[in-house]
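Same order as they appear, the protein sequences are chains A and B. Residues 1 to 455 in the working numbering are what the first sequence lists, from first letter to last. Residues 1 to 455 in the working numbering are what the second sequence lists, from first letter to last.
Source of the hints: derived by calculation from the structure; they are not laboratory data. Please note that the accuracy of each hint is not assured.
Stated by the list, open to error - Straight line, CA to CA, 25 angstroms or less: simulated DSS-like cross-link-like pairs of lysine-lysine:
#  : chain 1 : residue 1 : chain 2 : residue 2
1  : A       : LYS313    : B       : LYS209
2  : B       : LYS313    : A       : LYS313
3  : B       : LYS32     : A       : LYS358
4  : B       : LYS31     : A       : LYS229
5  : B       : LYS32     : A       : LYS63
6  : B       : LYS209    : A       : LYS272
7  : B       : LYS32     : A       : LYS313
8  : B       : LYS313    : A       : LYS31
9  : B       : LYS63     : A       : LYS313
10 : A       : LYS313    : B       : LYS31
11 : A       : LYS229    : B       : LYS358
12 : A       : LYS273    : B       : LYS32
13 : B       : LYS32     : B       : LYS72
14 : B       : LYS313    : A       : LYS272
15 : B       : LYS209    : A       : LYS209
What the hints assert, rightly or not - Partner residues aside, some chain A positions facing chain B, computed with beta carbon under 10 angstroms:
#  : residue
16 : SER287
17 : ARG295
18 : ILE308
19 : ARG327
All residues carry an ideal CB built from backbone N, CA and C; glycine is no exception.
One-letter residues, chain by chain:
Number of protein chains: 2
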Amino acid sequence: MQQWQDYFKSNEKRFMDELFAFLRIPSVSAKKEHQQDMHTCAEYVKTLLSNAGIDDIKIFQTKGHPIVFGQKEIDPNKPTVLIYGHYDVQPADPLGLWQTPPFEPVIRDGKIFARGAVDDKGQIFAQIKAFEIMNRTNTLNANVKFLIEGEEEVGSTHLAEFLTKEAKLLRNDVVVVSDTSIMGLDTPSIEVSLRGLCYFEIELTGPNKDLHSGVFGGAAPNPIQILCKILASLHDYNNHITIPGFYDGVQQLTDEEKSNLNSIPFNEDAYKKSIGVTTLWGEKGYSVFERTGTRPTLEINGIWGGYIEDGSKTVLPSKAYAKISCRLVHKQSAENICELVKNYLRTIAPPQVTLNVKRLGGLGDPYYMDSKHPAFIAGTKAMEKTFGKKVFATRGGGSIPIVIDFERILGSKTLLLGFGLDSNALHSPNEHFNLACYEKAIETIPYFFKFFTEK
Amino acid sequence: MQQWQDYFKSNEKRFMDELFAFLRIPSVSAKKEHQQDMHTCAEYVKTLLSNAGIDDIKIFQTKGHPIVFGQKEIDPNKPTVLIYGHYDVQPADPLGLWQTPPFEPVIRDGKIFARGAVDDKGQIFAQIKAFEIMNRTNTLNANVKFLIEGEEEVGSTHLAEFLTKEAKLLRNDVVVVSDTSIMGLDTPSIEVSLRGLCYFEIELTGPNKDLHSGVFGGAAPNPIQILCKILASLHDYNNHITIPGFYDGVQQLTDEEKSNLNSIPFNEDAYKKSIGVTTLWGEKGYSVFERTGTRPTLEINGIWGGYIEDGSKTVLPSKAYAKISCRLVHKQSAENICELVKNYLRTIAPPQVTLNVKRLGGLGDPYYMDSKHPAFIAGTKAMEKTFGKKVFATRGGGSIPIVIDFERILGSKTLLLGFGLDSNALHSPNEHFNLACYEKAIETIPYFFKFFTEK
Numbered sequence: 001m002q003q004w005q006d007y008f009k010s011n012e013k014r015f016m017d018e019l020f021a022f023l024r025i026p027s028v029s030a031k032k033e034h035q036q037d038m039h040t041c042a043e044y045v046k047t048l049l050s051n052a053g054i055d056d057i058k059i060f061q062t063k064g065h066p067i068v069f070g071q072k073e074i075d076p077n078k079p080t081v082l083i084y085g086h087y088d089v090q091p092a093d094p095l096g097l098w099q100t101p102p103f104e105p106v107i108r109d110g111k112i113f114a115r116g117a118v119d120d121k122g123q124i125f126a127q128i129k130a131f132e133i134m135n136r137t138n139t140l141n142a143n144v145k146f147l148i149e150g151e152e153e154v155g156s157t158h159l160a161e162f163l164t165k166e167a168k169l170l171r172n173d174v175v176v177v178s179d180t181s182i183m184g185l186d187t188p189s190i191e192v193s194l195r196g197l198c199y200f201e202i203e204l205t206g207p208n209k210d211l212h213s214g215v216f217g218g219a220a221p222n223p224i225q226i227l228c229k230i231l232a233s234l235h236d237y238n239n240h241i242t243i244p245g246f247y248d249g250v251q252q253l254t255d256e257e258k259s260n261l262n263s264i265p266f267n268e269d270a271y272k273k274s275i276g277v278t279t280l281w282g283e284k285g286y287s288v289f290e291r292t293g294t295r296p297t298l299e300i301n302g303i304w305g306g307y308i309e310d311g312s313k314t315v316l317p318s319k320a321y322a323k324i325s326c327r328l329v330h331k332q333s334a335e336n337i338c339e340l341v342k343n344y345l346r347t348i349a350p351p352q353v354t355l356n357v358k359r360l361g362g363l364g365d366p367y368y369m370d371s372k373h374p375a376f377i378a379g380t381k382a383m384e385k386t387f388g389k390k391v392f393a394t395r396g397g398g399s400i401p402i403v404i405d406f407e408r409i410l411g412s413k414t415l416l417l418g419f420g421l422d423s424n425a426l427h428s429p430n431e432h433f434n435l436a437c438y439e440k441a442i443e444t445i446p447y448f449f450k451f452f453t454e455k
Numbered sequence: 001m002q003q004w005q006d007y008f009k010s011n012e013k014r015f016m017d018e019l020f021a022f023l024r025i026p027s028v029s030a031k032k033e034h035q036q037d038m039h040t041c042a043e044y045v046k047t048l049l050s051n052a053g054i055d056d057i058k059i060f061q062t063k064g065h066p067i068v069f070g071q072k073e074i075d076p077n078k079p080t081v082l083i084y085g086h087y088d089v090q091p092a093d094p095l096g097l098w099q100t101p102p103f104e105p106v107i108r109d110g111k112i113f114a115r116g117a118v119d120d121k122g123q124i125f126a127q128i129k130a131f132e133i134m135n136r137t138n139t140l141n142a143n144v145k146f147l148i149e150g151e152e153e154v155g156s157t158h159l160a161e162f163l164t165k166e167a168k169l170l171r172n173d174v175v176v177v178s179d180t181s182i183m184g185l186d187t188p189s190i191e192v193s194l195r196g197l198c199y200f201e202i203e204l205t206g207p208n209k210d211l212h213s214g215v216f217g218g219a220a221p222n223p224i225q226i227l228c229k230i231l232a233s234l235h236d237y238n239n240h241i242t243i244p245g246f247y248d249g250v251q252q253l254t255d256e257e258k259s260n261l262n263s264i265p266f267n268e269d270a271y272k273k274s275i276g277v278t279t280l281w282g283e284k285g286y287s288v289f290e291r292t293g294t295r296p297t298l299e300i301n302g303i304w305g306g307y308i309e310d311g312s313k314t315v316l317p318s319k320a321y322a323k324i325s326c327r328l329v330h331k332q333s334a335e336n337i338c339e340l341v342k343n344y345l346r347t348i349a350p351p352q353v354t355l356n357v358k359r360l361g362g363l364g365d366p367y368y369m370d371s372k373h374p375a376f377i378a379g380t381k382a383m384e385k386t387f388g389k390k391v392f393a394t395r396g397g398g399s400i401p402i403v404i405d406f407e408r409i410l411g412s413k414t415l416l417l418g419f420g421l422d423s424n425a426l427h428s429p430n431e432h433f434n435l436a437c438y439e440k441a442i443e444t445i446p447y448f449f450k451f452f453t454e455k
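All chains, please: the whole structure from these sequences, using the hints.
Structural data, given as structure tokens:
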């Protein structure tokens, strides 16, 4: 709409100044020394909302970092959209790898470089500005609530409790989150599902102390070797997971879903080159998108035991450890898989070792949004409008546990209307947000509101 | 012999004072700050040899720590015995775990406590004093050479070079080393073989950087998982090593050897209890002594990769590492096995990863002394005489590379006439030497000379 574009053009410079000011606040939630910055940043989010025309704003203190909530109700009979985002960012280290300092935003090669540029300050900022545009041009036709937390990068520790306590305040028809990526500017896309997650640490104890590998080698059990045997046995020759019952409930894609997913442009050579391998890996019988988006995995995230310093030491170690995690898909239950994996590991551990498995971190169930959901349809139409391209429904391989909490606690489905790119160096040095993506976000979001509220 | 006993009794107190003075010198070869102590200690060894009646003594400087050599030739037609030992000791840390300071020797519960008490100051001291007894009682009937180095605990770095250069000076009929253990005071024993050693570090690279296990999990190769598969495949269900050709040349024991080895008193329950396991491990078809002494092994000494700190991180790592070593037995060649293992690992690594194997440390061939060797027979008879018990020919599981150098460079067989106990806390806090073992050493060695030189 012309008036949206006009408003943006007239305010573009001010928007960028406000975004830069937002990015300059080192709101690193993981680090104690930034505690004051977290409060400063929450206050700044309040200012941003206020500037955009939200008048009912409150900062909720938690045992962790503050949560900012703001809303604008225009008509109780109109639909309510809850926008979720976060103002906290990942630690910036290793600092030496940044081309320019992480908290001194700059535009270079058409990209905004700064910690938080895309994850998630830049994206939640685009949401706030899209609201401002609709509000100031009197085209807002939905009630809007903003929920912007400061603990996403440390596991959203206090958010579920907040959702439960403030469920009434947060009531909505759909949640919209701009914290994911599109496939590319030529291939806009919306993630229709996310994988769930469960994470374990395994401790295997053999002898009660480190032994001399000469004196005892050949007769004493080596826990590293037994751990390797156990972990190696969890995938068969076709890379199917061997744990009985693991795939129970996992749904095969319909022919249509399969054909849609595999119609997404994909250059396998470029994919391999980007990760530096000559041969891909994975479960026999599935394409790359099926493997990463629709199939559960069991991954070894870390392993250690014995002598791991420089040089050699002829030790037969007492202990070996591994961290493993499962990504879960629609209809799998994180709780069930967690118990299944723990019990199976106990079953296969041989009598020479003592096995201890503990769960690490929270459980995350998989998330799935039907592509016939009105918000998904509206999001797709909005992107088609502004990108001028077919919009693909993709399957996210990652996990955003809070999305499951929105469903579980608030009964809300979430539209993952993200505008990042996988190449944006999220969580890494030189994080950036393409200006083109930033502008597309501000342009697209009002169309989402338009299509979502149209009868 | 009565005169040996009389001499010992008359000089017992002085001997102990000299040993304590020896133990008070902190001759830690691994630590730069003890460089001066190494020289002090070498001088003290010279004094000890001189006091014992060796007049031809020389301290050879090396690029590392000095080597002390001394000899007494009584008759060029008589056999020459080269006594090898070392005056350097392991670092004493962790100091907090010592009941009394490591370099302040004390006698407690019939044991001499000090760093180096048994490894190897106490044992080489017993050799020197046994020589003194024979010399002062005019019962010495062999030429004796002492080779006492200061770098055994750091890999005898400069000794092979010295052996090559001074081969003529070191010429002998047999080498005797007192740096090993007996099974117990009731079960005297001599190790008739030592295992060889080769050591590798494996680096497996999958993706060119750490990846997000959600975004890429299921399609990108995980080097930890592949490393586990590779390592797990190196032993079959019966714990035989699967590398083709690995066992080539390994000799099966004769019925007599087998029966001798398995007649050594062994309490499996006590063995299991001492290492804290309920079930032993090992190659099917072999007893514990056969497994640790007569069969080659492939042991994983260390493994690491991915996230190994506290908590969870959903990383699909770029790299995984392991340190592995093989203990080798008679007729295996360390050089051949080294190449065999490296090539086999390269063969089985799948195309998804890049494998890099490097050799760590020196190679050690296995050592074997025929139990019909005159020195072995003499050592056995000597122990039988002084312990009053059957002497067992045991198979050492560990490796003493210098023994191979004596064979390779000097053409000499080595008799491992040790008097320690496996419980002596070698290389650990509260290292000690039982007084009973110390006295048995001084009592036994002259009998070895007697029987070895008897026609």
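Checked hints:
1. Between A:LYS313 and B:LYS209, the direct Cα distance comes to roughly 28 angstroms. Violation of the 25 angstroms bound is thereby established for this hinted pair.
2. Proposed proximity of B:LYS313 and A:LYS313 is contradicted: the alpha carbons are some 29 angstroms apart, above 25 angstroms.
3. Taken as a hint, the B:LYS32 and A:LYS358 pair is broken in the structure, with Cα atoms around 44 angstroms apart against an allowance of 25 angstroms.
4. Only pairs whose Cα atoms come within 25 angstroms are accepted, and B:LYS31 paired with A:LYS229 is rejected, the gap being roughly 39 angstroms.
5. Annotation: proposed proximity of B:LYS32 to A:LYS63 is violated, straight-line Cα distance about 52 angstroms (limit 25 angstroms).
6. Between the alpha carbons of B:LYS209 and A:LYS272 the distance comes to roughly 12 angstroms, so the proposed pair stays at or under 25 angstroms and holds.
7. Our distance criterion of 25 angstroms between C-alpha atoms is met by B:LYS32 and A:LYS313, whose separation comes to about 21 angstroms.
8. A C-alpha spacing of about 17 angstroms is found between B:LYS313 and A:LYS31, which places the hinted pair at or below 25 angstroms, so the restraint holds.
9. Only pairs whose Cα atoms come within 25 angstroms are accepted, and B:LYS63 paired with A:LYS313 is accepted, the gap being roughly 24 angstroms.
10. Straight-line distance between C-alpha atoms of A:LYS313 and B:LYS31 comes to about 18 angstroms, which keeps the hinted pair within the 25 angstroms bound.
11. Taken as a hint, the A:LYS229 and B:LYS358 pair is honoured in the structure, with Cα atoms around 23 angstroms apart against an allowance of 25 angstroms.
12. Proximity of A:LYS273 to B:LYS32 is assessed by CA-CA distance (about 48 angstroms); at most 25 angstroms being required, the pair is judged violated.
13. A distance of roughly 33 angstroms separates the Cα atoms of B:LYS32 and B:LYS72; the hinted pair therefore is violated under the 25 angstroms criterion.
14. Simply put, B:LYS313 and A:LYS272 have alpha-carbon atoms about 23 angstroms apart, close enough for the 25 angstroms limit, and the pair holds.
15. For a cut-off of 25 angstroms, the pair hint linking B:LYS209 to A:LYS209 is broken: about 35 angstroms separates their Cα positions.
16. Given hint, A:SER287 at the interface with chain B, holds; its Cβ is 9 angstroms from that chain's nearest Cβ, closer than 10 angstroms.
17. Given the 10 angstroms rule on beta carbons, the hint for A:ARG295 holds: about 6 angstroms separates it from the nearest Cβ of chain B.
18. Proximity of A:ILE308 to chain B holds as hinted, the smallest CB-CB distance being about 4 angstroms (cut-off 10 angstroms).
19. Taking 10 angstroms as the C-beta contact cut-off toward chain B, the hint placing A:ARG327 at the interface holds, the least distance being around 5 angstroms.
Of the numbered hints given earlier, the model fails hints 1, 2, 3, 4, 5, 12, 13 and 15; all others are met.
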